[in-house]
Amino acid sequence: ETGVTQTPRHLVMGMTNKKSLKCEQHLGHNAMYWYKQSAKKPLELMFVYSLEERVENNSVPSRFSPECPNSSHLFLHLHTLQPEDSALYLCASSLVPSEGYGYTFGSGTRLTVV
Amino acid sequence: AQSVTQPDIHITVSEGASLELRCNYSYGATPYLFWYVQSPGQGLQLLLKYFSGDTLVQGIKGFEAEFKRSQSSFNLRKPSVHWSDAAEYFCAVASGNMLTFGGGTRLMVKP
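Same order as they appear, the protein sequences are chains A and B.
Position 108 of the first sequence, counted from 1, bears residue number 108 in the working numbering, the numbering being contiguous throughout.
Position 67 of the second sequence, counted from 1, bears residue number 181 in the working numbering, the numbering being contiguous throughout.
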């Protein structure tokens with residue numbers, strides 16, 4: 001257990017469904033991140049929240065919608081996804097400002113879009 | 115902009131053999147460097163990090179890494195690999211609060 005908890009661990013959804021991924025940390029961190037990890041592709045940074053404000057949105061399609069209600073919780077709302085969105089979605093947290101702190105990752109949600 | 119290159123996509127070593135995973139970075143200032151390990155279906159776990167000072171950094175699970183500024187490298191080493199070390203390894207450099215990751219090296223361990 002790393003201190004960053006992601007639920008669910010596995011999710012299968014149809015292209016017309018709406019679902020949400022949840023990430024929770026109680027490490028006292030104040031920045032949270034969503035990454036997408038697809039097979040044979042590098043880690044892709046999707047969104048960054050620092051002090052509960054979105055500071056990064058890396059050209060992610062609008063079918064992905066993040067939400068950060070407080071510094072301990074981060075959601076990724078999913079709707080009308082495509083099969084190519086199937087991947088491991090990783091949440092991470094860190095302390096800002098602290099350049100050398102590094103990230104603590106959750107175990108990820110394995111998403112399959114059918 | 116910063117970047118990280120891990121030249122080896124796959125590496126296979128025999129159990130008990132030594133290991134070196136390569137990492138080269140591009141960054142204008144003094145870098146903060148990290149190595150993470152990812153077991154199948156899991157998140158990334160921090161192995162070690164370099165901020166400043168001693169260029170040889172010790173980490174968990176018997177790993178170490180050496181920072182070489184002249185070569186812009188931060189290679190990960192282990193003197194004797196165990197079967198449980200089979201995983202994917204990621205090198206990363208920090209810029210502000212953002213980490214930039216390399217493409218990863220998948221390590222396979224032969225009995």
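Bear in mind the hints are in silico, worked out from the structure with no lab data behind them.
Beta carbons: idealized from backbone N, C-alpha and C, even for Gly.
Incorrect hints may appear among the rest.
Here are the in silico distance ranges between beta carbons for each label pair [stated by the list, open to error]: (1) A:K41 to B:S128: 36 to 42 Å; (2) A:R54 to B:G155: 35 to 41 Å; (3) B:I125 to A:T5: 27 to 33 Å; (4) B:W197 to A:R63: 28 to 34 Å; (5) B:L170 to A:V114: 31 to 37 Å; (6) A:H26 to B:E178: 29 to 35 Å; (7) B:F165 to A:T5: 26 to 32 Å; (8) B:S140 to A:R63: 32 to 38 Å; (9) A:Q82 to B:A115: 35 to 41 Å.
What the simulated footprint calls covered on chain A by chain B, stretch by stretch (three residues with Cβ under 8 Å from a Cβ of chain B suffice, anywhere in the stretch; the number is not a length) [unchecked claim]: (10) 43-50; (11) 63-72.
Comparing the hints with the structure gives:
no., hint, verdict
1, A:K41 to B:S128: 36 to 42 Å, "29 Å, violated"
2, A:R54 to B:G155: 35 to 41 Å, "28 Å, violated"
3, B:I125 to A:T5: 27 to 33 Å, "32 Å, holds"
4, B:W197 to A:R63: 28 to 34 Å, "41 Å, violated"
5, B:L170 to A:V114: 31 to 37 Å, "49 Å, violated"
6, A:H26 to B:E178: 29 to 35 Å, "31 Å, holds"
7, B:F165 to A:T5: 26 to 32 Å, "28 Å, holds"
8, B:S140 to A:R63: 32 to 38 Å, "33 Å, holds"
9, A:Q82 to B:A115: 35 to 41 Å, "29 Å, violated"
10, 43-50, "holds (count 4)"
11, 63-72, "violated (count 0)"
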